[in-house]
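Engineer: Fit chain V to the known structure of chain U by using the hints.
Protein chains: 2
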Amino acid sequence: MKKQPKFAVLGGGSWGTALVKMLCENLEEVGWYMRNTEALEYLREHGHNPNYLSSVTFNTSRLRLTDCIDEAVSAADILIFAIPSAFLEKELNNLKVSLKDKTIFSAIKGIVPESGKIVGEHFHDLYDIPFKQIGVITGPCHAEEVALERLSYLTIACADKTRAKKVADALSSSYIKTKVSKDIIGTEYAAMLKNIYAIAAGIAHGLGYGDNFQSVLMSNAIREMKRYTKRLYNIDRNINHSAYLGDLLVTGYSTFSRNRMFGNMIGKGYTVKSAMMEMNMVAEGYYALKSAYKIKEGFEKAVKTPIIDAVYRVLYENENPKKVFTELADVIS
Amino acid sequence: MKKQPKFAVLGGGSWGTALVKMLCENLEEVGWYMRNTEALEYLREHGHNPNYLSSVTFNTSRLRLTDCIDEAVSAADILIFAIPSAFLEKELNNLKVSLKDKTIFSAIKGIVPESGKIVGEHFHDLYDIPFKQIGVITGPCHAEEVALERLSYLTIACADKTRAKKVADALSSSYIKTKVSKDIIGTEYAAMLKNIYAIAAGIAHGLGYGDNFQSVLMSNAIREMKRYTKRLYNIDRNINHSAYLGDLLVTGYSTFSRNRMFGNMIGKGYTVKSAMMEMNMVAEGYYALKSAYKIKEGFEKAVKTPIIDAVYRVLYENENPKKVFTELADVIS
Chain U
82 MKKQPKFAVL
92 GGGSWGTALV
102 KMLCENLEEV
112 GWYMRNTEAL
122 EYLREHGHNP
132 NYLSSVTFNT
142 SRLRLTDCID
152 EAVSAADILI
162 FAIPSAFLEK
172 ELNNLKVSLK
182 DKTIFSAIKG
192 IVPESGKIVG
202 EHFHDLYDIP
212 FKQIGVITGP
222 CHAEEVALER
232 LSYLTIACAD
242 KTRAKKVADA
252 LSSSYIKTKV
262 SKDIIGTEYA
272 AMLKNIYAIA
282 AGIAHGLGYG
292 DNFQSVLMSN
302 AIREMKRYTK
312 RLYNIDRNIN
322 HSAYLGDLLV
332 TGYSTFSRNR
342 MFGNMIGKGY
352 TVKSAMMEMN
362 MVAEGYYALK
372 SAYKIKEGFE
382 KAVKTPIIDA
392 VYRVLYENEN
402 PKKVFTELAD
412 VIS
Chain V
82 MKKQPKFAVL
92 GGGSWGTALV
102 KMLCENLEEV
112 GWYMRNTEAL
122 EYLREHGHNP
132 NYLSSVTFNT
142 SRLRLTDCID
152 EAVSAADILI
162 FAIPSAFLEK
172 ELNNLKVSLK
182 DKTIFSAIKG
192 IVPESGKIVG
202 EHFHDLYDIP
212 FKQIGVITGP
222 CHAEEVALER
232 LSYLTIACAD
242 KTRAKKVADA
252 LSSSYIKTKV
262 SKDIIGTEYA
272 AMLKNIYAIA
282 AGIAHGLGYG
292 DNFQSVLMSN
302 AIREMKRYTK
312 RLYNIDRNIN
322 HSAYLGDLLV
332 TGYSTFSRNR
342 MFGNMIGKGY
352 TVKSAMMEMN
362 MVAEGYYALK
372 SAYKIKEGFE
382 KAVKTPIIDA
392 VYRVLYENEN
402 PKKVFTELAD
412 VIS
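First to last, the protein sequences are chains U and V. Taking this note's numbering, I'd label the letters of the first sequence as residues 82 to 414. Taking this note's numbering, I'd label the letters of the second sequence as residues 82 to 414.
Chain U on its own, in the form it takes in the complex (with noise of 0.2 Å):
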């Protein structure tokens, strides 16, 4: 019989959670590892993570959990990193085990801030890892319905189509439906870009637009990351699939995303520092905005952003929203 590959989850959020319990709904092992101890002493005990989706059970008998990330990756064959991007080089500075053999995928949304690049073309620049081992795992996803079993759909995408192949029978089940993709660039962009448009959505809603607005607002973002994912990566996409439309919508209209919550304080009138101190936590977008800026900026041939422009010239430069998203409101349509 053949070897199984072994997994291992890296990340103890909301997204991680998520993701070890669907592995767990297939293989008998699961290796988790997570930064914080307590939260871990907790899991063991309790089945349970005591600070994201808490409502979900754990056999913890097929958990193989660790605090010590050179543990997690010696054991395992495959990799999820679900650690926010921002602190994603910090762990990996830790670590003592090489990453030559593994696959490795990615289930950040973001930029490294290190390097300025998305988390798959970091592993590959800086860590020497081929393409061929590398892959990204995007929804449309809240992990919180996940925790409550609500059928949701996932695209794995991966050069190699074997690899892709395997983690999607890992995660699929009653309630995960899996696709597979070649395009890991032009999916992982997109998971990128679209908390950056999420943001754009709740500044507009903090401005006191409707849902017309918002509607031409997703219409007009779609067209934009089309052209942006086209001139980074030219293959054959469909920019409607789940992968980046239904990814898109999910986080624009969706309440709970820290992004359009961001966004919407802005909106507001809230200042950046203090509308991230009101929040207490990351909008990864704000981030992400910075890098997709300068990228684009770095195109041979220029790509018409309006909106990226427009939400870059209220937290970087620091306009007016009003004013800024009158400008946005004429030449989008």
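Be careful, since some hints might not be right.
[What the hints assert, rightly or not] Cross-link-like lysine-lysine pairs, in silico, BS3-like; alpha carbons within 25 Å at most:
1) K258/U - K307/V
2) K260/U - K385/V
3) K260/V - K260/U
4) K171/V - K385/U
Simulated from the structure, these hints should not be mistaken for laboratory data.
Structural biologist: Showing chain V alone in chain U's frame:
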């Protein structure tokens, strides 16, 4: 000086009321026909429609109010029909004045039951109006947000660009942005199809599916709409423009949409009849569905429409919504 065309709106519902409000921003005189004599008298006396968008105040000296359709039609060059499609033919049957030289714009989203045609085609085929005199006004636009003067975008479609431009100019204001299009077939069918997808969204919600599924459903709906409208009239159409995707989103994500509400009740187990009775109003998508299904059956080359098919099975073939949507969930992605 060139004579300005005279406008009349036909219909006293919320969308008709919103259209009159928009026109009053620009025109000295707006004709307005409604069947309901009591509402008309109230409007004359109090300056607002007692039944719809009652917060909107009109300067009645600029309204040419009438409950006689012949009078309204005679006095105007450009007619904007905002009568529910189910009652349109009945109203037209009362008409003694010729429509031959009129420009006729439809602000109706649906299919005329007597002919099984969308409104533009109905006027063309049954009333011999040349296509260049026929146009369509589509959203995304909730009438309620027009009442609040929240920024909204309209698409004005007509084969004759000059006519489209005239109507667009008459509707544009500080809170209404307009865009002209040549795609009268595509925009009108899109406006009709989106009501069917809103019913689908409602059924899914009623069955307990969450936001993750909803976003996948909407991303499949827009692809289905693209295929359907392409078969009808194959022009270079960006389905992600506001008139198509935007209109789908504003309805599919609106908890106030009658079509979505109707679907929700069906998903929760109401029969079609009891849901209609409970709501005490017409869900246009219910009637549109029958025609949309029939039209598609007549396509020379078959088109995949899993969502329309599923809703049809539930509403017209009395199949169990849970079973049908479980099967639908397997074929969308």
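Engineer: Decide, hint by hint, whether the structure agrees.
Structural biologist: Going through the hints against the structure:
Distance check on the hinted pair: K258/U and K307/V sit about 24 Å apart at the alpha-carbon level, within 25 Å; holds. At roughly 19 Å between alpha-carbon atoms, K260/U and K385/V fall within 25 Å of each other, so this suggested pair holds. Under the criterion of a C-alpha separation no larger than 25 Å, the hint pairing K260/V with K260/U is inconsistent with the structure, at around 37 Å. Distance restraint check for K171/V and K385/U: the Cα-Cα separation of roughly 49 Å exceeds the 25 Å cut-off, and the hinted pair is therefore not satisfied.
Going down the numbered hints, you'll see the structure goes against 3 and 4, while the others check out.
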